[in-house]
Amino acid sequence: MTTKLVLPDITGKSIYEGKFKDRTPQCPAAGKLTSSGDTTAQCLHPKNNRPSSPEVIRKFRATVRPDAGQMRIFYGKAYDPHRQWAMDMSHGVNTQPSSSTKEAVNPTLKTLFQQKILDRKESCYQSHIRAPLGKSHNQASGLPKGLNPTSFAFGMPTQLDSGAGGLVNPNKTYDQVFKEASEGHDLYVRSHADYFPRERVCRSYTTPNFDPQKKFGLPTPHCNDGKMTRETLKWIHEAQGDRATKIVSKRLDDFREKTQPQLGKVHDPIKDTLNVLPDHTFGILLKPDPYGAGDIIHNRGITTSLRGKESQRGVVAAMRQQLKKLNYHHFNSLLEAFRFYDNDGKGKITLSDLRNVCIKYRLPVDLDILDKVLDYCDADKDGMINYLEFANFLNWKEKMPTGLEDMGPPPMLIGMGLGNQPTETIPLTGKLIEDADMIPKSAQSSELTPRHIQKQVDVSVGNHSTSNSMYNAVVGPGGISTRDFRTYGVPTIRSDLSAPRIKRVDDRKNYGDEAFAYSLMCPSLYSQHNVHERDMLVPRTLEEICSIFTNIGVRMTGKQMENAYCMAAANHPKGHVSVEGFRNVLDEIQVEQIRAGVHPMSLGEAQPV
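Using our numbering, the letters of the sequence shown correspond one by one to residues -15 to 593.
Warning: the hint list may mix true and false statements.
[To be verified] Simulated pairs of lysine to aspartate or glutamate, DMTMM-like, Cα-Cα distance not exceeding 20 Å:
1) K330 - E418
2) K309 - E576
3) K308 - E382
4) K332 - D359
5) K543 - E576
6) K293 - D279
7) K415 - E389
[As the list claims (entries may be wrong)] Ranges of calculated distance between the beta carbons of each label pair, as one might list FRET restraints:
8) E528 - E576: 21 to 29 Å
9) T47 - Q68: 55 to 63 Å
10) E215 - A177: 34 to 42 Å
11) N32 - D64: 26 to 34 Å
12) V173 - Y109: 32 to 40 Å
13) Q306 - P9: 52 to 60 Å
14) N153 - R187: 32 to 40 Å
15) K425 - H556: 28 to 36 Å
16) I536 - E294: 29 to 37 Å
17) G276 - L509: 29 to 37 Å
Keep in mind that the hints were calculated from the coordinates and are not lab data.
No residue lacks a Cβ here, since even glycine has one placed at the ideal position from N, Cα and C.
Use the sequences and the hints to build the structure in full.
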């Protein structure tokens, strides 16, 4: 009777279904088949419905393959009752506990009376007399009578001769040092056998024919570089083989060239049999997928994939940034800017309106770029930009007011009037924005602002929310006030300590004048020229301010520079003027000139191209 293996009936779609084509449907896929919907715990710990082994088989298995953590027991004594007695048996004598380690290391303190009794008992010991704990013993008993130990000193004082420098490097010539070292050398040779380096030993021979300078034997020819010794270590046939010309067959040389890699060359064993060009590339050029790894991770569709669109998105972002800045500099509110774009008063901005504005702004006009900008700002995909989309995507840092409080006639651009001719106003038809699209600016404010339009490519999976957003929902504006909450740690910007004028090298205190993490990771251009925040905020005189701003290219007359300096001094409580304060005043003057239409970069002086 044969046993038939029956696989479980698993119904479910593969994770790659629809993406890849199975070229070999007759071959089953590798791996363990499990039904869909199982948990990780069920996969790691599958069900084991096998019956347990009988006791007769278990004793043999305990001998051959015991379980983890169990002793190996011979099957012949598996049921021996003496094994249980041996497990309960203990050998030796039961040791009674004495003092613990804690009592030995840290004993209980004695009272003053107990300590005095202990000192009296130990006073008879010689060790207590000779070496008392914590003090020196009395040495007066061993000294002569009448000796004052505080003023009397034993031994003879050492006379100061010369320092260590005089001994190591004396102020003497070489001849004097050699002469002093040679004096008494014969006595040291006789008593200590102290010879100079390479000095000949005097044997005191009395033979008249003996010459102490004479050498016995003949000199042995040798080389100090060891060349002759190297030749003696090699056999004759080895030396002859080194001197002979090495002959290698061409067949062996060609085989080695094909099979052995050479330094600096690509190993190509079939280059002789493959007749192709040197720049030939093997393989088939695969067409890249329209999506990247990020698109697969975020499960984006083909229409929303971002692979290969980096340059396009960068150009669109740059164009939007230019439009934002020009809107902020040339209009007082979003309504004025929107009406300037919408010349026909239809309540929406078309592609032709956007192109005309770019021509007036003297921006590079490219219909493809403008079409992509319009498509990015068009959230409802109707081919036009309404006021809500305009306020969301062409508002510079959300600094411009809405201007919906005064729905007057459409104002023209500042400085665009032709002489004294009155400008034509076009009435606006319909409502710019619905009431449902206006939300309060904050929980405590009654001012309304257009709602935000989400342009996130990747949607939130499973309504994901961060802990920070949950915390702000309770403690933020309109929630619980954190004014009376206890604060922990040191504040980021210290205000309780005043920084010293000259800081020591070992001073590690934070005085609030140190850079934070962002300035360390992204240093400013000023820090690269060794100009720091302290240099920008230190008070300076009018002459220093004029010199600094003239050197950086600011062209102003003396009267204009003095007026700006007085305005900056009026903004400071103590009348100080720093580089940062003077720069802020120049920015305010430039904004006023742009709004008045007298600045050279005002849009009113731009001519259509």
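Exercise. Failing hints, ascending?
Worked result: Hints 9 and 12 not satisfied by this model.
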